[in-house]
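Visitor: In case you want the letters, here they are:
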Amino acid sequence: MAETQKIFGASIKRKEDPRFLTGRGNFTDDVKLPGTTYAVFVRSPHAHARIRSIDSSAAKALKGVLAVFTGKDLADAKVGSLPCGWLLPGIKVPPHLPLAADKARYMGDAVAVVIAESPYIAKDAAELVDVDYQVLQAIADTEKSLLPAAAQVHDQAPGNVCFNWSIGDKAKTEAAFKSAAKVVKQRIVNQRLIPNAMEPRASLASANPATGDVTLWVTSQNPHVHRLLIGAFVLGIGEHKLRVISPDVGGGFGSKIFVYPEECVVTFASRKLSRPVKWTAERRESFMADAHGRDHVSDAEIAFDENGKIVGLRVKTIANLGAYLSTFAPLIPSYLYGTMLSGVYDIPSIYCEVTGVFTNTAPVDAYRGAGRPEAAFLVERMVDLGARALDTDPVELRRKNFIPKEKFPYQTAVAFVYDSGDHHGALEKALEIADYRKLREEQAQARKNGRYLGIGVATYVEVCGPAPSQAAGSLGAQAGLYESANVRVHPTGAVTVFTGSHSHGQGHETTFAQVAAQELGIPIENIEVVHGDTAQIPFGMGTYGSRSAPVGATAVYLSLQKIKEKARKIAAHLLEANENDVVFEDGKLSVKGSPDRFKTFGDVALMAYLAHNLPKGLEPGLEFNTFFDPPNFTFPFGTHIAVVEVERDTGQIKLERYVAVDDVGNVINPMIVDGMVHGGIVQGVSQALWEAAVYDENGQLVTGSMMNYTIPRADDVISFETARTVTPTPVNPLGVKGAGETGTIASTAAIANAVMDALAPLGVKHIDMPLTPGRIWDAIKGR
Amino acid sequence: MTSVTVTVNGASKTHQVEPRLLLVHYLRETLSLTGTHVGCDTGQCGACTVLLDGAAVKSCSLFAVQADGRSVTTIEGLAKDGKMHAMQDAFWQEHGLQCGFCTPGMILSACEILERNPRASEAEIRTGLEGNLCRCTGYHNIVKAVQAAAQKAR
Ligand code: FES
Ligand code: FES
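So the protein sequences, as listed, match chains A and B.
Read in order, the letters of the first sequence are residues 1 to 783 in our numbering.
Read in order, the letters of the second sequence are residues 1001 to 1154 in our numbering.
What the hints contain is simulated information worked out from the structure, not anything from laboratory work.
Every clue listed holds true.
With a cut-off of at most 35 Å between alpha-carbon atoms, the simulated DSBU-like pairs for lysine-lysine come out as follows:
no.	chain 1	residue 1	chain 2	residue 2
1	B	K1083	A	K15
2	A	K438	A	K309
3	A	K781	A	K654
4	A	K63	B	K1013
5	B	K1152	A	K13
6	A	K182	A	K448
7	A	K429	B	K1152
8	A	K765	A	K438
9	A	K6	B	K1083
10	A	K15	A	K588
11	A	K32	B	K1013
12	B	K1013	A	K15
13	A	K592	A	K616
14	B	K1080	A	K13
15	B	K1083	A	K13
16	A	K15	A	K429
17	A	K309	A	K182
18	B	K1080	A	K32
19	A	K92	A	K241
20	A	K185	A	K765
21	A	K654	A	K448
22	A	K72	A	K144
23	A	K562	A	K588
24	A	K781	A	K316
25	A	K32	B	K1083
26	A	K309	A	K178
27	B	K1152	A	K6
28	A	K6	B	K1080
29	A	K407	A	K185
30	A	K172	A	K407
31	A	K438	A	K185
32	A	K144	A	K172
33	A	K15	B	K1080
34	A	K654	B	K1152
35	A	K92	A	K144
36	B	K1013	A	K123
37	B	K1152	A	K15
A short list of chain B residues far from chain A (calculated; beta carbon distances all over 10 Å):
no.	residue
38	V1008
39	A1011
40	A1055
Computed from a predicted model, the values in this text were never measured in an experiment.
By construction, the Cβ of each residue, glycine as well, lies at the ideal position given by its N, Cα and C atoms.
Work out the full structure, taking the sequences as your base and the hints as a guide.
Guide: Structure representation (structure tokens):
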């Protein structure tokens, strides 16, 4: 296996890159169909307003305008509400029509759509749609939404409460706090972020009036989920009549999981007009109407015994869900958050209560880490605050409280069973790379010289690879979370892999081909990976939660095993050998002990299709499908260390070094994993230092463009030092855990811990993010 | 309607266009050169970067008529005789792209940086790329790619 062993685990250049490098990618907005018309949405400028009437006569009169549809038109046509795919006990799910009919509930809520022959005409016409709004009092603030005087977003959700959820043993946790030697409390805000994938969302629907078929190109991370939800719940189109294609997608980070109003409306309009209808978001629309992320306000308490062992963690969180429930909104601040509050620590008692609230803001859903960054930030800040209160080194305190290696699989106090882990291993490696001891010496020296150097450590664990369908179902999922893969071997031995995972930057066309090349011992050039088309792929749950490798690639692997088994049967027959004596290595099927008696994989594939000489009873063809439902989630972990310097006179923060040691189990392509870690780190740094979505008290989005919402640029950040430890997961045969989100999950806390460490001599303990110079300055001045 | 004549990737093109037609839409819609992307509407993201008479410009911030009589290079025009430009190859080698959406603009800006300063330092490369946003890569490998291309040109 010398040759092929190198493929799995090798930093192979990506197969998909040449088309992107030469400008021949095929993004949704690049798709051109004859006779295409263009949609522009009319959006509410108010956060909360009753729609008294809509006069579209002037818009309709404009030359080139084909139609204007309003919420009433959709309601009259019996268009359904956008469904919510995760339900918690007692949850309120108010209706969400693709176009608001009675009230607009956030700035940017779509109330009408104009369809015209050109995007320029559509835009002109949208300006002419006259909406008579009765402006209502709005509520945007997370905490204030629960005040009795707050505006009510939905009649169905009194007091703006969408759900109350809790996890953990309340009584046990209370007892732990009563007997604790030290309790540390902190209010922790995890501010709202706006995803801003570089490709704005887009959709193009093309209805064929002759057949009744509709094809929808859409920027989706999960085209089959889009087909199911749009077809079955919103527009009533059978899946056999709706084809969803998600071609090249320019980043998603969660924001392209969800079914949004726009793709439903263009599909509706295309069927009405019998013309293709295209919509491409302008960036200002992405800011207003893409699902946002985070937005928690929490009160956290951590309890220690006299030896510095954590004995309890108690958390009360208010999670802002925005104006409507986005597709997976309830899941994020519950089972992806409260369940991760044990972090990497052996904590005997944890109790967490979450109140999900409606506000007049854009819907909030999964974004880059989704729930886990919020949990990791809270836990890692609390541990650092604990270290400060106990006057011990934060690394020492962590070591003392880690889940010991021999305790895996580890049952946390908050539902999950961690599959595997070696937290000491990752920590020690990171400390060594950073040279922690030397850094502390440098810091001591710097302090003497009046310089504020800070070292921040974050030791994290996250949950990936959703999910065991049965477990997910019992927690409220309205879908299963397996993945499918179809592997088709062609008569010449070339292979097409059809996967239900979807790549929007992750590089599946390469990594999944690596898995196949490894298993079949054939050149990677002979393998094509197809994703993102419901007409070609049997089924799929898509890509999010770092699930493509652990769930999607495993499905590919399992189909390959079936291929190999059948190939072995055919080879045994052709070689007149016993099937058990056939060895499949380096693309050859040979008889054990006589390597000269062999058939190539190509020979076998050809015979599978010629079928002139197959074992009795074996059907022709060489193609298998697998649905893989994982037995558990996976739990990547690691240690990140940040070094910063805070300039006392300006509050400016300079990033000096960043070390990331991650354990994502086995790695298919280290280059790709490193790349995802880099991107994640920058997102986490950015949340700690710069990014924040801000609504004013009237619900106006103040940070509505790239001019006032900070997206980090190349000169804002540095190069990173990445490394790995490898603890394979037992959950899947590849031993892979998922690597898409680790960077984001660890880095926000690492940076915040570093800045607070820098400011420790000034007595500053905690500052809410983003840690802007103004906030630092205020904290230094004791304001 | 106004007539514009632009040399695009070496070939002269003449079209009647609306005066308000943006250069990026002229490239994408009129010429079907969809490698030039639109990532924002405020001239902030650089996804639409092309070379206008050799200088990197944001084609979303220019009208097609402003390119009249001038020469535009888009990402489609960078490879020569089926062979990738050294910068394209460096981005491939160093994994300077993930989703690929920012890539065309990033590569053209990077070409201009090295054109002006073949010995650009990491800091100079970072400053030079300041007008191009990438949400996937964290810039680490993009910077490495530009450094690698510079190294190779020496
Ligand atoms: S499209 Fe963003 S700068 Fe041109
Ligand atoms: S590679 Fe996706 S935005 Fe740069």
